[in-house]
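Participant: Go by the hints and put chain B onto chain A.
Here the protein sequences line up with chains A and B, keeping their order.
Reminder that position 87 of the first sequence reads as 87 in our numbering, one-by-one numbering, no gaps.
Reminder that position 227 of the second sequence reads as 227 in our numbering, one-by-one numbering, no gaps.
Hint data in this document are derived by calculation from the structure and do not stem from the laboratory.
Don't take each hint at face value.
Derived pair list, reagent style BS3-like, types lysine-lysine, alpha-carbon separation capped at 25 Å [what the hints assert, rightly or not]:
#	chain 1	residue 1	chain 2	residue 2
1	B	K310	A	K250
2	A	K289	A	K305
3	B	K289	A	K289
4	A	K104	B	K305
5	B	K108	A	K299
6	B	K299	A	K271
7	A	K271	B	K289
8	A	K35	A	K3
Beyond 12 Å from chain A on every Cβ pair, some chain B residues (computed) [stated by the list, open to error]:
#	residue
9	A26
10	K30
11	R67
12	S70
13	V85
14	M87
15	H93
16	E95
17	L117
18	I134
19	V135
20	E143
21	A164
22	D168
23	G199
Quick caveat: nothing in here was measured; it's all calculated off a predicted structure.
Don't be surprised by glycine CBs; every beta carbon is placed ideally from N, CA and C.
Protein chains: 2
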Amino acid sequence: MPKLLPVSTLSEAVRVSFNDGIARIAAQVKPEPFKTVGIIGTGLIGGSFALALKRAGLCERVIAAGRQQSTLLNAKALGVIDEAVSMEYLAQHAELIYIAVPVKAFSKVLQQLTPHLSEQAIVCDGGSTKYELIVDARAIMGERIRQFVPLHPIAGSHQSGAAAARSDLYEDRKLIITPLAENSLDDIGLLAATWQSAGASVYCMDAQLHDKIFAATSHLPHYITAAYMNSLLAAEHHELFFTMAGTGFKDFTRIAASSPEMWNDIFYANKEAMLCQLDSFMQQLEEAKAYLTEGEEDKMFEWFKQASDKRKNWHLKS
Amino acid sequence: MPKLLPVSTLSEAVRVSFNDGIARIAAQVKPEPFKTVGIIGTGLIGGSFALALKRAGLCERVIAAGRQQSTLLNAKALGVIDEAVSMEYLAQHAELIYIAVPVKAFSKVLQQLTPHLSEQAIVCDGGSTKYELIVDARAIMGERIRQFVPLHPIAGSHQSGAAAARSDLYEDRKLIITPLAENSLDDIGLLAATWQSAGASVYCMDAQLHDKIFAATSHLPHYITAAYMNSLLAAEHHELFFTMAGTGFKDFTRIAASSPEMWNDIFYANKEAMLCQLDSFMQQLEEAKAYLTEGEEDKMFEWFKQASDKRKNWHLKS
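Just chain A, with the same shape it has in the complex:
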């Protein structure tokens, strides 16, 4: 039975996460600065990590590689990175490599990096789904999988690109590590301390549990609001709907405005967990529809009240 456990030692955190639990870990020391950090994907997520490390004094030089030379030069001009380099150079010289590209592009980047990777480098990523990505990473990296520590920072913005990068994006946000059995405690600990210095609260959990949790709390809501918006668009007088919609509608549909590219990838990368939660949601819709059709007002009341009570007592935790 998974639980959230605050644990004091790293080995305990990893043990808990391997046993299908969640551990909140607090690093006790600030790490030594990295000489060179390599970023692939200098957008909001990667760029903000670079800026946060610089601000915390945790990094002497940030280098970046990627397909689009113009994107890299823009990130450099904005002061988000120090140097644009080749993928090969980055793999050879960076002590810490952060792959912050869309879920779908991850494998290709890892294939390019792996042959040139130095023995000391730690590779991590920012993907919103973890299990399938780890399967791919194992296939690509083989024995070197020990160098890959999968991460998921729970942060974002409506904006994207290097221009949107901010040194405080991870401040009071969660950073989740889904460690592998092959990872060394030292590497996991170093990453935990680094992200903590960037302002994040660090958690450890199993990759499949991670995917279940985020299917339920993040991916499914995006899917639901898209279905909802499309159901309005299918209605006869829908322009009037949008004219008259108010503040409840505004908050409820905010996430529907998210990037179609990003969410399409996430839906497929986390398909099994999504389908499981979707079925449960559709069952609830059917249950309450029966209450409505058959005039079972008391049952409907209890059903709504259970949801309402839970939401009233819920508060955002960092």
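Facilitator: Relative to chain A, chain B alone:
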């Protein structure tokens, strides 16, 4: 084909609304102050109306009646009303009567008022659904239905009760009139000017169109978030879900915290329109589920993009 038409005259606004359209009407004059306004239901909605009229100098005296003497005395102590009176006294003396009670309690209040109602009084309400309520009002009031002008102010708050009442609750919010063929243009015009003075933007539309629009943009979202919350509660590790949920979840589920009493009533009062929109929503869920199951990524992308584009280009209108 209904349209939103900005119209300059009241008779044009009423004509448009009778033809299944929506008209935005702007009153040209501020009305004379009412001597006595009567409120039934001195909570957030009724109390804020009283305060807004006083602030606008539109009312000399606010009287209130209701079942709970303690509620009335509390509203008086808070300065929201001037006097607590009997239902009979209120019906005889108030020029404008605002029934701001839950949808389910409306008929009973109207039954108590009607036998004592002065010939000059205008009765209006604040119910979130209009068609069934009008059917009930016709049955209760008979010929005096001409004195009843159905309204719906699009405003609310998480808080309730007289203590939550604010003179600016209707500021920059919509007020919808769903006029009856029996209403006089003078009465409709007086209400439009009064609510406009209270800060609201006034619209006229048909009651059934109103119910369709709010089923789609307000009632269904409440139903969806309740189903979603209950689907999480049905899952094995749901406490972890709530621990890890972030800002997207926070906005998406905000309306799930609403009053179960109020929303239960609304669901049943607007059952037909709700079921119609619910079916359309469930069709969208099924459609995208097929895209997910069968790996039709391009179709899923287009489906999500359509929703995303619409939401990106939508802005709250007052």
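Participant: Of all the hints numbered above, which does this structure not satisfy? Sort the numbers upward.
Facilitator: 8
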